[in-house]
Amino acid sequence: MAYLLRVGGSIAIVAAIVAQLQHTIRNEMSGKGEVSFVVQNFFSFFTIEANVLAAAALFVGIFTLSSRGAEARGLTMFRAAATTYMATTGIVYNLLLRGVELPQGTTVGWSNEILHVVAPVIMVLDWLIAPGKRPLNSKTLWGIVTFPILWAGYTLVRGALVLDPRTGDPWYPYPFLNPHTSPNGYWSVAFYVVLIGVLIGVVGAGILRLTRVKRRA
1 MAYLLRVGGS
11 IAIVAAIVAQ
21 LQHTIRNEMS
31 GKGEVSFVVQ
41 NFFSFFTIEA
51 NVLAAAALFV
61 GIFTLSSRGA
71 EARGLTMFRA
81 AATTYMATTG
91 IVYNLLLRGV
101 ELPQGTTVGW
111 SNEILHVVAP
121 VIMVLDWLIA
131 PGKRPLNSKT
141 LWGIVTFPIL
151 WAGYTLVRGA
161 LVLDPRTGDP
171 WYPYPFLNPH
181 TSPNGYWSVA
191 FYVVLIGVLI
201 GVVGAGILRL
211 TRVKRRA
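Heads up: the sequence shown begins at 1 in our numbering, then just goes up one per residue.
The hints are simulated quantities; they were obtained by calculation from the structure and are not laboratory data. Take these hints with a grain of salt, some might be off.
Claimed, not checked - Label pairs and their computed distance ranges (CB to CB):
{"no.": "1", "residue 1": "HIS180", "residue 2": "TYR3", "range": "44 to 50 Å"}
{"no.": "2", "residue 1": "ARG158", "residue 2": "VAL121", "range": "27 to 33 Å"}
{"no.": "3", "residue 1": "ILE129", "residue 2": "THR181", "range": "40 to 46 Å"}
{"no.": "4", "residue 1": "ARG158", "residue 2": "ALA56", "range": "32 to 38 Å"}
{"no.": "5", "residue 1": "VAL35", "residue 2": "VAL121", "range": "31 to 37 Å"}
Quick reminder that beta carbons are idealized off the backbone N, C-alpha and C, glycines included.
Given the sequences, and given the hints that come with them, work out the whole structure.
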């Protein structure tokens, strides 16, 4: 079961990313032609970055299933981070962003569902059933939350400094991170950043807890 999840999941995620990227590029080429800009934007979405990490974790994990011992500690940490990001992506998307057209062009329906729903479920299931996880202590949580913090800082700085050449407006990957359109500007943005940060911390703590529960079992 774990083998099928990892093979099928990694293929599905890569196919979904490629399909959406190709559609985004074609859409831009038929419009303003700012292809390099929209490609940079595409890989600035936390969803895309989280799915790239998830596909890598699943793919590498395929080759560790044949081993009867525990996997390398670094791989368990990487899988824990990827699973946390994907679970958070699924929660945030379905609570805040479902039905909202994001600024990467028209979304590819099946790709969108894989990246935001199917892939998060696969990652959580893989974490629950796949053997070989190393027990991780709570200090690992700091490593897990570091990437989202850096991403949020990058997003806000880039949004303030880089203007969309097609519109002349600042570009942000998600509406709730745009201080120019949020009801209370940066206060609204700060609220959502803190809220999502807390969510990532809670999800990450739960993911880490499962490695110790599994060990005792």
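Is 40 to 46 Å respected by the C-beta to C-beta distance linking ILE129 and THR181?
Holds - the Cβ-Cβ distance for ILE129 and THR181, about 42 Å, lies within 40 to 46 Å.
Per the hint of 32 to 38 Å, is the separation of the Cβ atoms of ARG158 and ALA56 within bounds?
violated, 24 Å
At the C-beta level, are VAL35 and VAL121 separated by a distance inside 31 to 37 Å?
holds, 33 Å
Is 27 to 33 Å respected by the C-beta to C-beta distance linking ARG158 and VAL121?
About 30 Å separates the Cβ atoms of ARG158 and VAL121, which means 27 to 33 Å holds.
Outcome of range test on Cβ distance (HIS180, TYR3; 44 to 50 Å):
holds, 47 Å
Comparing the model with each numbered hint stated earlier shows that hint 4 is the single one that does not hold.
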